[in-house]
Amino acid sequence: MEDQTANVVVAARTALNQASALAVQYGFSILGAIVLLIGGWILAGAISRSAYRVISRVRGIDETLASFFQNLLHYSLLILVFITVLGQFGVQTASIIATLGAAGLAIGLALQGTLQNIAAGIMLLVLRPFRVGEYIETVNVKGFIRDIGLFATEMKTADGLYLMAPNSTLWNTPIINHSREPNRRQELSLAFGNEVDTDLARKTIFDVLKADQRIQTKPAPVVYFDDFAADQTVMKIEYWTITAVWTQTRHDIIAHLKSRLAAADIPIK
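In terms of full-length UniProt numbering, the sequence shown opens at residue 1 and continues consecutively.
These are calculated hints, taken from the structure and not from any lab test. Here a beta-carbon is modelled for each residue, glycine too, at the ideal position from N, C-alpha and C. Be careful, since some hints might not be right.
Claimed, not checked - Cβ-Cβ distance ranges computed for the label pairs, FRET-style: (1) 139 to 42: 44 to 54 Å; (2) 83 to 49: 14 to 24 Å; (3) 258 to 175: 26 to 36 Å; (4) 128 to 219: 26 to 36 Å; (5) 214 to 72: 42 to 52 Å; (6) 51 to 212: 47 to 57 Å; (7) 39 to 71: 19 to 29 Å.
Produce the complete structure using the sequences and hints provided.
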C-alpha cells in the first residue's frame with residue numbers, strides 16, 4: 001500500500017513538473033504571439049495609412065483607388081503577421097503559404113469575371129477616360145457618370161434612368177466623352193430648291209450665326225455648298241461653341257434659322 005502511494009506521488013510530481021515546463025515553454029511563445037499580433041496590427045495600420053497618404057497625393061489617383069490599395073496593403077500585412085505568429089509555435093508556414101496560393105488561384109478562377117471588372121476599374125480610375133458628371137457614349141451604353149467603383153460604374157441616362165455598367169464592358173470598348181473638351185463643333189445641313197437665291201440664303205445664315213454670342217469667332221463659322229442635285233442644293237453650316245451650351249445653342253440656331261429664312265421668303269426643303 002505504501003509503495004502504491006509513493007508511486008502515485010512520484011507520478012503526480014512528474015506530471016506537475018512536465019506541465020510546468022510546458023507552461024514555461026509555451027507561455028513565452030503565447031506571450032510573444034500576443035505581442036507580435038498587437039504590434040503587427042498597429043504597424044500594418046500605420047504603414048497602410050502612410051501608403052494611402054502617399055498614393056492620394058499622386059496626381060490622377062482617385063479616392064476609390066487609393067482606398068483599394070490601402071486595404072490591399074493592410075490585409076496583406078495582417079496575413080504576413082498571422083503566418084509569422086504560427087511560425088512561433090512550430091507550424092510549417094511553407095505549407096500554409098502553398099495552401100493560400102492554391103486557394104487564391106481557385107478563387108481567381110471562380111471569380112474570373114469579377115476580377116476582370118476590378119482590373120478594368122483600376123485602369124479606368126488611373127487613366128480617367130471619364131470623370132463624375134461627364135457624359136459618355138459607348139457601343140452599349142451612354143449617359144452621365146455618377147460614380148466610378150472598382151466593380152461597376154453608375155450612370156444616369158439622358159431620360160433620367162439609373163444605369164449600372166460593369167467596368168469590363170466600358171474598358172473593352174471605345175469611349176466617346178462628350179464633356180471632356182471645353183469647345184465643340186456643330187454641323188447643320190439645309191436643303192434649298194435650285195430656284196432659291198443662294199447668296200441671300202448664305203447672308204441670312206451668317207446673320208443668324210453672328211447674332212448669337214455663344215458662337216465663337218475663332219475659328220469662325222463657315223457656310224458652304226455640300227451637295228448639288230437636279231432638284232436641290234445642300235448647304236452645310238459649321239460653327240464652334242462651348243461644350244456646356246452645345247445642345248441648347250443647336251436648338252436655338254435651328255429655330256432662328258427657320259424663322260429668319262421664312263421671313264426672307266427662302267423656303268427650306
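Status of the hints after comparison with the structure:
Residue 139 and residue 42 have their C-beta atoms about 50 Å apart, which keeps the hinted 44 to 54 Å range intact. The hinted window of 14 to 24 Å between residue 83 and residue 49 holds, with their beta carbons roughly 22 Å apart. Distance hint check for residue 258 and residue 175: the Cβ-Cβ separation is about 34 Å, which falls inside the suggested range of 26 to 36 Å. Between residue 128 and residue 219 the C-beta distance comes to about 28 Å, which sits within the given range of 26 to 36 Å.
Remark: the range hint 42 to 52 Å for residue 214 to residue 72 is upheld by a beta-carbon distance near 47 Å. In this structure the hint that residue 51 and residue 212 lie 47 to 57 Å apart at CB holds, the actual value being about 52 Å. Restraint check, residue 39 to residue 71: a C-beta distance of roughly 20 Å satisfies the suggested window 19 to 29 Å.
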